[in-house]
Amino acid sequence: DQQVKQNSPSLSVQEGRISILNCDYTNSMFDYFLWYKKYPAEGPTFLISISSIKDKNEDGRFTVFLNKSAKHLSLHIVPSQPGDSAVYFCAASDSNYQLIWGAGTKLIIKP
Amino acid sequence: DAGVIQSPRHEVTEMGQEVTLRCKPISGHDYLFWYRQTMMRGLELLIYFNNNVPIDDSGMPEDRFSAKMPNASFSTLKIQPSEPRDSAVYFCASTATVLNTEAFFGQGTRLTVV
Numbered sequence: 001d002q003q004v005k006q007n008s009p010s011l012s013v014q015e016g017r018i019s020i021l022n023c024d025y026t027n028s029m030f031d032y033f034l035w036y037k038k039y040p041a042e043g044p045t046f047l048i049s050i051s052s053i054k055d056k057n058e059d060g061r062f063t064v065f066l067n068k069s070a071k072h073l074s075l076h077i078v079p080s081q082p083g084d085s086a087v088y089f090c091a092a093s094d095s096n097y098q099l100i101w102g103a104g105t106k107l108i109i110k111p
Numbered sequence: 001d002a003g004v005i006q007s008p009r010h011e012v013t014e015m016g017q018e019v020t021l022r023c024k025p026i027s028g029h030d031y032l033f034w035y036r037q038t039m040m041r042g043l044e045l046l047i048y049f050n051n052n053v054p055i056d057d058s059g060m061p062e063d064r065f066s067a068k069m070p071n072a073s074f075s076t077l078k079i080q081p082s083e084p085r086d087s088a089v090y091f092c093a094s095t096a097t098v099l100n101t102e103a104f105f106g107q108g109t110r111l112t113v114v
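Taken in sequence, the protein lines are chains A and B. Residues in the first sequence are numbered from 1 upward in steps of one, following this note's numbering. Residues in the second sequence are numbered from 1 upward in steps of one, following this note's numbering.
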């Protein structure tokens with residue numbers, strides 16, 4: 001049973017437009033959420049995170065929104081740039097501090 | 001610091017052979033994690049260590065898998081005997097805090113078992 005789901009395997013967005021990556025979770029005990037970015041042949045790198053006490057966290061072009069009632073979070077990238085093309089993983093953590101990962105969404109930014 | 005270093009980058013082996021993956025964490029990081037990435041299951045935590053001691057190995061799929069951390073700067077993940085379904089990319093990550101939230105990952109080892 002997947003506790004963290006990224007239902008879109010891939011997403012294609014025009015350069016300069018907004019990219020919205022979605023993630024759903026089932027465990028209400030999750031209290032910390034993260035997004036990682038992964039380029040081919042490299043390990044994931046941390047991008048942005050949000051605590052369950054917040055509903056929004058912003059860092060430059062990246063904003064993460066958390067809707068606890070819907071058990072849904074999203075990552076917004078605006079404006080999208082060619083270098084944003086990568087696989088994005090959503091992950092969640094509970095009090096056991098272990099990360100549960102989504103399967104990833106491949107983002108393709110078209111010039 | 002050069003970051004988390006994994007070796008080899010690629011490994012191709014025959015079914016039944018022993019495979020050893022290696023990891024050097026970032027100096028000063030007390031936590032080390034081994035992950036496996038597959039298309040079907042995404043990133044899965046296999047095992048993690050704190051101060052060289054295995055804390056949770058519930059993610060290790062079978063007894064064929066074993067991991068050790070003999071010192072703070074080295075860890076191994078061993079598969080014996082290997083099977084084709086073990087083919088995946090194996091990542092090692094380290095972090096200084098108990099929250100493996102902003103973990104630093106190695107570049108991974110792509111294992112192919114034929």
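In short, the hints are calculated from the structure, not lab data. Just so it is clear, CB atoms sit at the ideal spot from N, CA and C, and this is done for glycine as well. Hints may contain errors.
[Said to hold, decoys possible] Facing chain B, a subset of chain A residues (Cβ under 8 Å, in silico):
1. Phe30
2. Pro40
3. Glu42
4. Gly43
5. Phe46
6. Gly83
7. Phe89
8. Gln98
9. Leu99
10. Ala103
[Said to hold, decoys possible] Chain B stretches covered by chain A per the calculated footprint, using a threshold of three residues with CB under 8 Å from any CB of chain A:
11. 73–81
12. 105–111
We went through each hint and held it up to the structure:
no., hint, verdict
1, Phe30, "12 Å, violated"
2, Pro40, "10 Å, violated"
3, Glu42, "6 Å, holds"
4, Gly43, "3 Å, holds"
5, Phe46, "5 Å, holds"
6, Gly83, "18 Å, violated"
7, Phe89, "6 Å, holds"
8, Gln98, "6 Å, holds"
9, Leu99, "6 Å, holds"
10, Ala103, "4 Å, holds"
11, 73–81, "violated (count 0)"
12, 105–111, "holds (count 4)"
Hint check: violations occur at hints 1, 2, 6 and 11; the rest are consistent with the structure.
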